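Build out the structure end to end from the sequences listed, making use of the hints.
Those protein sequences? They're chains U and F, same order as listed.
Heads up: the first sequence begins at 1 in UniProt numbering, then just goes up one per residue.
Heads up: the second sequence begins at 1 in UniProt numbering, then just goes up one per residue.
Just so you know, the hints here were simulated from the structure itself, not pulled from any lab data.
Treat the hints with caution; some may be incorrect.
[As the list claims (entries may be wrong)] Straight line, CA to CA, 30 Å or less: simulated DSS-like cross-link-like pairs of lysine-lysine: (1) F/Lys224 / U/Lys188; (2) U/Lys189 / F/Lys33; (3) U/Lys281 / F/Lys212; (4) F/Lys61 / U/Lys281; (5) U/Lys281 / F/Lys9; (6) U/Lys214 / F/Lys9; (7) F/Lys6 / U/Lys281; (8) F/Lys47 / U/Lys189; (9) F/Lys33 / U/Lys281; (10) F/Lys33 / U/Lys185; (11) F/Lys213 / F/Lys6; (12) F/Lys47 / U/Lys185; (13) F/Lys61 / F/Lys6; (14) U/Lys214 / F/Lys224; (15) F/Lys51 / F/Lys212.
From a predicted model like this one, the values you see are computed outputs, not experimental measurements.
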Amino acid sequence: MVVAIGFEGSANKLGVGIIRDGEILANCRRTFITPPGEGFLPRETAEHHRQNIHEVLKEALDQSGLKPEELDVVCYTKGPGMGAPLSVCAIVARTCALLWNKPILGVNHCIGHIEMGRLITKANNPTVLYVSGGNTQIIAYSRRRYRIFGETIDIAVGNCLDRFARVLKLSNAPSPGYNIEQMAKSGKKYLHLPYCVKGMDVSFSGILSYMEDKIDDLLKDYTPEDLCYSLQETVFAMLVEITERAMAHCASDEVLIVGGVGCNERLQEMMGVMCEERGAKIFATDERFCIDNGVMIAYAGALAYASGTRMEFEDATITQRYRTDDVLVTWRND
Amino acid sequence: MCEEMKLFKQGAEAKLFVCNYLGKPTLVKERFKKHYRHPALDENITKERIKNEARSIVRCKAVGVKTPSLYLVDFERRRIYMQHFEISITVKDFIIQIKKGESGDSDASLDSLARKIGETVRKLHESNIIHGDLTSSNMLLVPKNPSPNDANWTQQDIELVMIDFGLSRSDSNAEDMGVDLYVLERAIISTHNDCPNLFTQVLDAYSNIKSKKKSFNIKEVLNKFEEVRARGRKRTMVG
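Okay, here's the thing in structure tokens:
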């Protein structure tokens with residue numbers, strides 16, 4: 001039995017979670033929200049994390065009812081992500097590990113999402129669509145690695161949505177993507193946008209530039225709701241298409257959607273229709289686990305720890321670039 | 001048109017049927033409606049891809065890249081009729097077979113396969129054809145002289161046939177060719193992670209064959225390929 005605490009702060013979410021043998025004891029989170037029309041920058045985000053991390057940590061410990069000595073391992077996000085916010089969590093994690101005299105373990109953020117999704121949904125060996133503000137990847141497991149079958153060749157889908165929300169000056173609370181989703185629900189008129197699938201890879205930068213360049217003209221014929229609707233329909237169709245392609249390629253009949261964009265209900269609905277048409281099953285989680293959180297880091301760390309992975313204290317660093325397939329999956333034998 | 005259509009395979013975006021069309025074994029590729037996407041988008045994409053596929057097949061014929069022959073295009077029913085290779089194996093399955101050690105000299109077979117792939121892709125690019133979806137599932141091997149009993153693929157004279165041109169385009173810019181190579185690299189790495197050198201061999205063959213077209217700037221394409229690769233690998237992934 002492994003009791004693990006996880007610190008997550010690779011982007012604008014700060015989370016601390018505690019897990020014992022797949023049972024979630026605490027899942028606490030703060031989000032750094034910027035004014036409409038602005039994105040979050042590394043320095044300010046790190047500042048937000050610094051100001052909040054003690055409170056979140058205390059909240060998590062209180063919620064779990066555990067004392068630090070009852071923990072087995074301290075886990076934190078090693079990467080990928082923004083350097084400054086990552087290092088805030090890493091410093092606190094290292095300090096806790098020394099204070100409490102516990103081993104420390106750095107976790108790959110993407111692996112955290114995948115394993116959390118598998119835990120919550122009980123999906124066995126799914127094709128994973130990982131979609132967030134920084135990542136867009138189609139992943140499948142093979143020979144002890146989560147292999148990337150397809151991904152964006154430029155910006156992430158969440159980044160595309162967030163930046164379009166900025167063009168429309170939508171609020172960043174609770175998240176720009178959520179506001180686009182709500183507006184899209186009342187969109188009626190469909191606008192044809194560039195559609196860019198390359199094999200199992202996708203590209204979103206062209207769609208964004210197109211919208212940015214033409215926004216003034218577009219708003220003469222279309223409402224902002226129509227544009228949100230058309231954008232969602234187009235980018236999600238691309239995602240569902242490459243997921244289906246990867247499923248056909250790997251002969252897989254399960255899909256798991258993880259990452260912040262994964263809690264978009266329209267995306268889940270479209271993926272569901274695709275799955276139904278090919279006799280496959282869809283698995284998705286809600287915002288508690290889709291959006292970055294500390295539990296996923298604790299859980300992925302606990303799995304690795306239980307299967308024997310250890311990290312020297314000197315190696316408890318961070319990295320902005322850390323590919324999903326860099327991690328040797330020691331906890332799976334299939 | 002054809003009396004009896006038998007479902008042969010269901011891919012990601014099309015159903016494949018086999019039938020007999022004008023006395024020839026025929027593969028019917030029907031791009032069925034995708035209900036998850038907006039009907040206008042679905043219509044658009046499907047028409048576009050049927051057009052791409054038909055055009056590229058014809059262009060390939062002209063430049064000597066082997067593809068199935070095109071028999072008929074039926075926009076109304078979203079179908080393409082083309083030649084069916086009754087004896088064939090996908091490159092993907094072929095590699096898996098080799099790796100299982102079911103045939104003699106696996107290194108030699110992989111070498112010659114890699115060369116074939118590299119040369120064929122180069123030929124496509126020199127003819128300004130961008131495939132758009134280069135994977136080992138979209139390449140077939142067929143015997144040059146088909147005979148009914150053919151258990152062993154490595155022993156005979158085989159040809160590489162390119163299929164699935166739905167995402168193809170006719171374009172002469174190096175960026176698209178770079179992306180094409182990148183897509184192939186990713187497909188090989190993820191699917192055939194037990195053949196770590198395969199793509200390098202393919203790329204060697206691609207880079208080193210004698211160019212038929214003087215104006216083809218191989219350096220530029222390879223540079224673009226490196227650039228696209230860097231974009232994917234070195235991108236910071238936040239969130």
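Point to revise | Hints violated by the structure (listed by number, smallest first) | key: 1, 3, 4, 6, 11
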